[in-house]
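Construct the entire structure; sequences and hints are all you get.
Residue numbers (this note's numbering), protein chains in the order written: chain V, 1 to 524; chain U, 525 to 1048.
Only true hints are included.
Below are the SDA-like pairs computed for lysine to any residue, each with C-alpha atoms no more than 25 Å apart in a straight line:
{"no.": "1", "chain 1": "V", "residue 1": "Lys84", "chain 2": "U", "residue 2": "Leu960"}
{"no.": "2", "chain 1": "V", "residue 1": "Lys84", "chain 2": "V", "residue 2": "Ala63"}
{"no.": "3", "chain 1": "U", "residue 1": "Lys740", "chain 2": "U", "residue 2": "Asp703"}
{"no.": "4", "chain 1": "V", "residue 1": "Lys84", "chain 2": "U", "residue 2": "Gly963"}
Source of the hints: derived by calculation from the structure; they are not laboratory data.
Protein chains: 2
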Amino acid sequence: MPRRTVIATVMKRKRIRKRRSSDVKARAEVKSPIRPGLEGGYYKPLSDEDVVRIHEAALSVLANTGVNIVDSECRDILQKAGAKVDAALDRVYFPRNMVEQALKLTNRNVLFYGRDPKHDLNLTAKKVYLGTGGAAVKVLDLDSGHARDSALRDLYDIGRLVDKLENIHFYLRPVVARDVPNDLIDVNTFYACFASTRKHVMGSCYFPDKVAELKKLAIMIAGDEAAFRARPFFSLNLGYVVSPLRFAPETVETLTAAVRAGIAVSLVSAPQSGATSPASLVGTLVQTVAEELAGITYVQLLAPGHPLLMGGMPLVADLRTGSTVGGSAELALMNAAATQLTHFYNLPIYNTCGLTEAKVPDVQAGYEKGMTITATALAGANFNHHAAGMLESMLTVAYEQYVIDDDLGGQILRLVRGLEVNDETLSLDVIHEGALGEGHYLDHPQTLELMQSEYVYPHTADRTSRANWEAAGSWDMREIARHRAREILNSHFPKLLSDNLDARIREEFPIQLPRQTMQPGGYP
Amino acid sequence: MPRRTVIATVMKRKRIRKRRSSDVKARAEVKSPIRPGLEGGYYKPLSDEDVVRIHEAALSVLANTGVNIVDSECRDILQKAGAKVDAALDRVYFPRNMVEQALKLTNRNVLFYGRDPKHDLNLTAKKVYLGTGGAAVKVLDLDSGHARDSALRDLYDIGRLVDKLENIHFYLRPVVARDVPNDLIDVNTFYACFASTRKHVMGSCYFPDKVAELKKLAIMIAGDEAAFRARPFFSLNLGYVVSPLRFAPETVETLTAAVRAGIAVSLVSAPQSGATSPASLVGTLVQTVAEELAGITYVQLLAPGHPLLMGGMPLVADLRTGSTVGGSAELALMNAAATQLTHFYNLPIYNTCGLTEAKVPDVQAGYEKGMTITATALAGANFNHHAAGMLESMLTVAYEQYVIDDDLGGQILRLVRGLEVNDETLSLDVIHEGALGEGHYLDHPQTLELMQSEYVYPHTADRTSRANWEAAGSWDMREIARHRAREILNSHFPKLLSDNLDARIREEFPIQLPRQTMQPGGYP
Chain V
1 MPRRTVIATV
11 MKRKRIRKRR
21 SSDVKARAEV
31 KSPIRPGLEG
41 GYYKPLSDED
51 VVRIHEAALS
61 VLANTGVNIV
71 DSECRDILQK
81 AGAKVDAALD
91 RVYFPRNMVE
101 QALKLTNRNV
111 LFYGRDPKHD
121 LNLTAKKVYL
131 GTGGAAVKVL
141 DLDSGHARDS
151 ALRDLYDIGR
161 LVDKLENIHF
171 YLRPVVARDV
181 PNDLIDVNTF
191 YACFASTRKH
201 VMGSCYFPDK
211 VAELKKLAIM
221 IAGDEAAFRA
231 RPFFSLNLGY
241 VVSPLRFAPE
251 TVETLTAAVR
261 AGIAVSLVSA
271 PQSGATSPAS
281 LVGTLVQTVA
291 EELAGITYVQ
301 LLAPGHPLLM
311 GGMPLVADLR
321 TGSTVGGSAE
331 LALMNAAATQ
341 LTHFYNLPIY
351 NTCGLTEAKV
361 PDVQAGYEKG
371 MTITATALAG
381 ANFNHHAAGM
391 LESMLTVAYE
401 QYVIDDDLGG
411 QILRLVRGLE
421 VNDETLSLDV
431 IHEGALGEGH
441 YLDHPQTLEL
451 MQSEYVYPHT
461 ADRTSRANWE
471 AAGSWDMREI
481 ARHRAREILN
491 SHFPKLLSDN
501 LDARIREEFP
511 IQLPRQTMQP
521 GGYP
Chain U
525 MPRRTVIATV
535 MKRKRIRKRR
545 SSDVKARAEV
555 KSPIRPGLEG
565 GYYKPLSDED
575 VVRIHEAALS
585 VLANTGVNIV
595 DSECRDILQK
605 AGAKVDAALD
615 RVYFPRNMVE
625 QALKLTNRNV
635 LFYGRDPKHD
645 LNLTAKKVYL
655 GTGGAAVKVL
665 DLDSGHARDS
675 ALRDLYDIGR
685 LVDKLENIHF
695 YLRPVVARDV
705 PNDLIDVNTF
715 YACFASTRKH
725 VMGSCYFPDK
735 VAELKKLAIM
745 IAGDEAAFRA
755 RPFFSLNLGY
765 VVSPLRFAPE
775 TVETLTAAVR
785 AGIAVSLVSA
795 PQSGATSPAS
805 LVGTLVQTVA
815 EELAGITYVQ
825 LLAPGHPLLM
835 GGMPLVADLR
845 TGSTVGGSAE
855 LALMNAAATQ
865 LTHFYNLPIY
875 NTCGLTEAKV
885 PDVQAGYEKG
895 MTITATALAG
905 ANFNHHAAGM
915 LESMLTVAYE
925 QYVIDDDLGG
935 QILRLVRGLE
945 VNDETLSLDV
955 IHEGALGEGH
965 YLDHPQTLEL
975 MQSEYVYPHT
985 ADRTSRANWE
995 AAGSWDMREI
1005 ARHRAREILN
1015 SHFPKLLSDN
1025 LDARIREEFP
1035 IQLPRQTMQP
1045 GGYP
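Here it is in C-alpha cells:
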C-alpha cells in the first residue's frame, strides 16, 4: 500500500479530522506556535568586528563630512549642543562625543500601542513584527485586476483587511489618498486608518502644522489627552533626510513638531545604493548609519528619551536603468545588516522587506518577498514594514497581496519561532515507541498534542492534491486570495468609532469618507 | 525634477547603457559577485549546545532503540564490527564507540565532478550549490501548460535547460521516465542526463545489478576506467532507510554495490514529521541523525573514507490530511538545523529546499521557494537539491520553473556572498565626494567599478516600469519564463557524445531516446 494511503487510512481510523474540526480547532488560538513579537537574531550577515567598523566609519563621516542643514532652528539647536557649523557650505559637523552622548540618552524601551492592548508592539531586543508599508499611488482593482489610482476609500478598505489578518501586526498607511486635496490629506488619511483597524497606525504628515490636528483627532478617539498619552496608538514615519546626508528642511520641522507633541517617530533614511549612496553595499550602510545617528542626535536634543525607531532602510538602484529595486538580494543583505547594527545600539529598527518589482502577484512577487522577509525576520528586525501588500517597488498595492502576505507571514513567524531543544522535544521515548510499535507516529499522543502548537497551517496557500485542485477550478493563489479578500471586505466592518464620536469628529474635521459607506452594502 | 528623471538624465549623459552593452557586459563573466560554492553559515537556528544534545540523543537512539535490519550481508557486517543483533526483532543496536569510530573514518574532502572541471562541486565547509531534484512523475507541458506524465525525453530536455542555466550547479535526474520499461529505466535515465549536460549527474538506481551497467556507461563516456575513476561525474542518491529506523533491504544492496563500485553516494533519509518521525521537529532531527549515522557507519565498514553525503532531509506531514508538505517553515527550519548538524560532523549535506505545494508557478510557489532556499543557503547547506523546477511537493516539474528558479538562484547566491567590510568598501572618501559634490553617486568611479561585481541582475524577473511592462504584453514571470525556456530548448543542443561514441553506446545498451531527435528540429 503506498504511504499516502496508509496515512489516510490511519487518519480516518483515528478520526483525527473529526477531532480537529471540533476541540483541537478550538484550542488552536491558545496553542498556535506563532504570535507577534517572536524573537529573531539567528541570521547575522556581519561579524561583531564588522559592526564596530561600520559604526566607527559612520562617526567619522559625521565628524568629517558632516550633514547639509540649512539655517534653521534645527541647526541652531545642534550648534548650541556642540556641532560645528560651516554656514557658507550649510554643513554641520557632529563631534564624536556629541553623538555618543545622544546614544546614551536614547529610549531603549520603545512600545508602540494598539487601540487594543493585544495589538501592542514591544519593539525591544530582536522581537519581530510584520506590517504594511507605503505610500503607493496605485492599487490593483479587486474586480478588474488592473492598476488604478489609489483613493481614500482604499485606506479604509485595506485597513479592514489588515484588521482581520493576524500576521499583519501594524498598519502603516499603505497608499496616498489621491482623491483628497493636499491640505486635507493628513487628517483624512489617519481618520480612514483609525476607522478601520485597532492595530497601531503609522503614517507621514506632509505639513508641520498638521501634527497638532492629527493629535487632536487621536485624543478625540482616545477619550481625552491623558488616555492618549498613556497609550498613543499612532506614530509618524518622517523622511527627514534626503540622501546623501542632507536634512530636508520642512520634514525636519514636522519632526520637531511631532517630538514636541510627544508622538513617536521613525527616522526614515532610504538611500539607494549606487544612486544616493555608494555602490558599495557596505558604504551604503555607513552612510545610512551616519544619517540615522544625525537624526537620533537631533531628537535627543529636543527631548531626551523620546520614543523613536532607527529608520535606515537601504534600497538599491538598478544601475542599468537607475530605477529603484526592492526585491533583491542586495536589499535583503543590507536590511539584515542594518538590523544587526541596530542590535549593536540596542535600538529598535524600522526596516524594509517584502518589496518586489513584479507588477502583479506572480511567482516573482512571491520569491522576492519570500527571500527578503525571511532574511530580515531571521535577522531579528523589529518593525518590518512593506512586509504586506506591496507590488511594483513602492508604487502599487493589491488587496489580494495582503491576504497572500499574511499567509506567508505565518510561515515566516514559524521560522522565527525556531526550535526548542529539551528532554521532551528530543523525543527519545516517542522515537522508541514509534519505531518499535506501529512504525509510524500518526496516532502517537505527542502528534495529537503538537499538531497545533508545532505547526502553522496556511489559510489560502494550496496543499490539496492536483486532482482536487483541478476539480476546484485550477485557481492559482492570486485568484484564491482575491476571493478571500472579497469575503473579508464584504463582511468585516469593525465599528471602531461610535456614531456620536464620528459625528463630533466630522464636525471638527472635513472628513471626506462618507459615513454611510462604512457598512455592509454601503457602497457599490 | 523627480529623482527618477534625474537619474535617467545622468545615466544618459554618462552613456552607462552603451558601456554596459559592450565592454562592461564583456567583463561581467569575470567580475560577477556570484559563483558556485560561495560559503554560507550566517544563519544558525541551533545553539552549539543544542547541536551536541541532538547528536547525543541520536547516539542514544542507535544504542537503545536500534535499527530494523533483516538478516542480510549488511547485518552480518555490522554484527562482526560490534553491533548487537536481536534476530527475533530484526533489530540492530549500534554501540556508541562503533559510530564514533566510523565518524573518524569518514571522508571530509568530498568532491563531485562535472564532465567539465568548471562544474566540479567542492562539497566541503559551508560551500553552497543549488541543483535540481526528483523524482517527479509529471511535467507541466510547455505548450499546453497542463500536467502530463513525465517521459525520457523530459530528462534530455530538462538537462539541456540545466546545462544552460548558470545558477543550477548539478543535475539530479528530475523525473521518472514513465515511457521506459522498468528494467531499462536506470541506464536510459543516466544516458539522457549524460547526453544533455556536462554538469554532475545524480540519480537513483532501482536495481542493485544495474549499478555495474551505469558504471560501464560512464566509463565509455569518460574514455576508460582510469579516466572515470579520476573524475567520476555521477553519483547515486539512495533511500536506504524507510523511516522510522528501518533499512530497506534491496536499496541497501544497491548501496553496497555502489560503494564497492567506487561510486559516491548520498545516504537519503527523508522522514516526515508527524507521520514517519516525531511531530516534534527536534525529535525528527534526532531520528534523522540516527538514521544517517547508521548509514555512515555501514558505509565505513564497507569502504572507509568512501565519498558520501549526509542525506538527511526532514520533510513535514500536514497533520490535517497526512500529505507531504515541502513548502513550509517547519521544513526550512529542520533543513537549516540539519545543515548545522552536518557542520558539526564536518560532513557534506544533501538537503532539500525549493519545494512547494503549488500546482503551477504562482505566487505561492514563489514565496515557498524564496523562504526555504534562503534559509538553507544562508545556513550553508552544500547540496541543495530540489532547488530548481519543483512543483506539487515532489510530484511535478515545469520547464519554466527551472528558468525562474535559476533567476532566484542568482539572488540567493548574492545573499550568500554577503558583505566584505574593509577600508575600501567602507567608502569614506566616496561618501565625502558624493555628499559634497554632485549629491549623488551615479557617475562616481566606484559606481562604474562595482556595477557588475557588487550586483546580480535578473535575466527573467521584471524590473521595467508598469507602462513598459504593459506595452510588452503584461506577461507575468511564468509567461516570460516559458518564452525563455522555449528559446533555450529550440537552440541549445550541446553535442556531448560524438556520433561514434553514441553508436557504441547504443550497441551496448538498449537506448530508447532516438538519436535523430537530439538536434534542432529533430522532434515535433
